[in-house]
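Number of protein chains: 2
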Amino acid sequence: MKATVHVTLKPGVLDPQGQTIQQASEAIGFTRIAEVRQGKFFEVELSDGDDPAAARAELERFAREVLSNPVIEDYRIEFLSA
Amino acid sequence: MKATVHVTLKPGVLDPQGQTIQQASEAIGFTRIAEVRQGKFFEVELSDGDDPAAARAELERFAREVLSNPVIEDYRIEFLSA
Chain A
-18 MKATVHVTLK PGVLDPQGQT IQQASEAIGF TRIAEVRQGK FFEVELSDGD DPAAARAELE
42 RFAREVLSNP VIEDYRIEFL SA
Chain G
-18 MKATVHVTLK PGVLDPQGQT IQQASEAIGF TRIAEVRQGK FFEVELSDGD DPAAARAELE
42 RFAREVLSNP VIEDYRIEFL SA
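Chains as they are written, first to last, in this note's numbering: chain A, -18 to 63; chain G, -18 to 63.
Hint data in this document are derived by calculation from the structure and do not stem from the laboratory.
A couple of the hints might just be wrong.
Which copy? The list can't say, so a pair holds if one copy fits it or any two copies do.
[Stated by the list, open to error] Using 20 Å as the maximum straight-line C-alpha spacing, the simulated EDC-like pairs for lysine to aspartate or glutamate come out as follows:
1. Lys(-9) x Asp32
2. Lys(-9) x Glu26
3. Lys(-9) x Asp31
4. Lys(-17) x Asp(-4)
5. Lys21 x Glu59
6. Lys(-9) x Asp55
Could you put the whole structure together from the sequences, leaning on the hints where they help?
Shown next, in the form of structure tokens:
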């Protein structure tokens, strides 16, 4: 089973990396890039041979405990195939 | 206008960061995470007051020239609102 995980900063959390990208874009002539926020994106392949529900639950835990920092980040999982 | 940009490694390009995440996940007891590939994800706000088509074209160029490395990465843009 394939899945994707998006990890994004919670609303209100400052994103200095995104701000830097936006400022640099202005400096090199991009005039319409008003705001940039950077997140992470993971493509995950799950071994779900015997128990797809357990694989889904494991990915939920993996996203919450490993891929994201729940203090400042949100995560969103999409399962791409059953 | 809001848009998102996904930047992912081209198929066939090794992803040592993703491999490290996968191996670490095994080491701490996640048994069903078979493969991880890491990409980048950007949320972009465009100033498109006068000319939405120009804003879209600028984001295309920004994704191609700034956010991604076209030698090893692909990018995908989604426009979220008109």
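Status of the hints after comparison with the structure:
For the identical chains of this complex, Lys(-9) and Asp32 are neighbours neither inside a copy (32 Å) nor across copies (30 Å), given an alpha-carbon limit of 20 Å. Proximity of Lys(-9) to Glu26 under the C-alpha cut-off of 20 Å is restricted to the inter-copy arrangement: shortest distance 16 Å between copies versus 26 Å within a copy. In this assembly of identical chains, Lys(-9) and Asp31 lie within 20 Å of each other by CA distance neither inside one copy nor across copies; the values are 35 Å within and 31 Å between. In this homomeric assembly, Lys(-17) and Asp(-4) come within 20 Å of each other (Cα to Cα) only across copies, at 17 Å, whereas the closest approach inside a single copy is 29 Å.
In this assembly of identical chains, the alpha carbons of Lys21 and Glu59 lie at most 20 Å apart whether taken from the same copy (14 Å) or from different copies (16 Å). Taking the closest pair of Cα atoms, Lys(-9) and Asp55 come within 20 Å of each other only inside a single copy of the chain (6 Å); across copies the shortest separation is 26 Å, beyond that limit.
The structure shown violates the earlier hints numbered 1, 3.
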